[in-house]
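Residue 71 in my numbering sits at position 71 of the sequence shown, and the numbers go up by one each step.
Fair warning: there could be bad hints in the mix.
To be verified - Derived lysine-lysine pairs resembling DSSO-like cross-links, with alpha carbons at most 27 Å apart: (1) 94 with 79; (2) 94 with 129; (3) 109 with 129; (4) 94 with 109.
FYI, nobody ran anything at the bench for these hints, they're computed from the structure.
Note that the structure is predicted; figures quoted are calculated from it, not measured.
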Amino acid sequence: MSKPRVPQPFQFSELLSVSAKLSVVLISSFILVGCGDDEAPPVQWFIDNPSEINRALISCNHSTKYNPMPHYTWCSNAKLASITISMRRQDLEKEESLATARDTPENLKTIHWYEGNSHARQAKLNECKISAGNGDVEFDRGCFKATRAAMNQYVRSGPDFFGGERMGELTRILRAVSPLPAPVPPDTRQPHAARGNTLEHEVPAGKPPPGMEPVVLHKRVAKEVVAPNTGPEYRAIDHP
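Construct the entire structure; sequences and hints are all you get.
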């Protein structure tokens, strides 16, 4: 005769799991059903309470599985607040990067330095483009290094992922800021016929130019083996 089955007591962990799932359902229902557009918090409220943004976005993503068009002001305000906070964070990072660039000496701003400081590189390229457009660009080491750094990043990341100028524009900037050879004064120029052979003017008189020395022929020495019965002797034969 089998023993009667004793019911197991309800575990606390199971109760906690059920309560958590029920809370998520209730919060989602409260946000997406109970709250209308008039009762949705404004964008500034989400900005002042950033911890509520993730909760709202999780609820909005959860509702998308069951409702293909959950157009609620609550979700829209939460997403807009998230974008606003992200843009403010990027602006703050840009200001800090530019402040660091202003405090960095010019001799320490190498090509590798510009590769790792995108905000400072872009700011320098903007200055170089304005100067190149006005035609008043001389050799600028800062523009030269920033342009070379941008070219390196362009080659590494490719045109689809590089967020700066295109290679053609970078090439124009590089040509404008690159050093040009010094022009030769007109009085030092000589016609081709008057210059003559430069090698003859550089060597002393009576001595041929390098590479034009006469060739001295030396006598060749050949080895001939004498008959085996006389031993392994060698005799040198002079050839004319």
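Tested hints:
{"no.": "1", "hint": "94 with 79", "in the structure": "holds, 23 Å"}
{"no.": "2", "hint": "94 with 129", "in the structure": "holds, 20 Å"}
{"no.": "3", "hint": "109 with 129", "in the structure": "holds, 19 Å"}
{"no.": "4", "hint": "94 with 109", "in the structure": "holds, 17 Å"}
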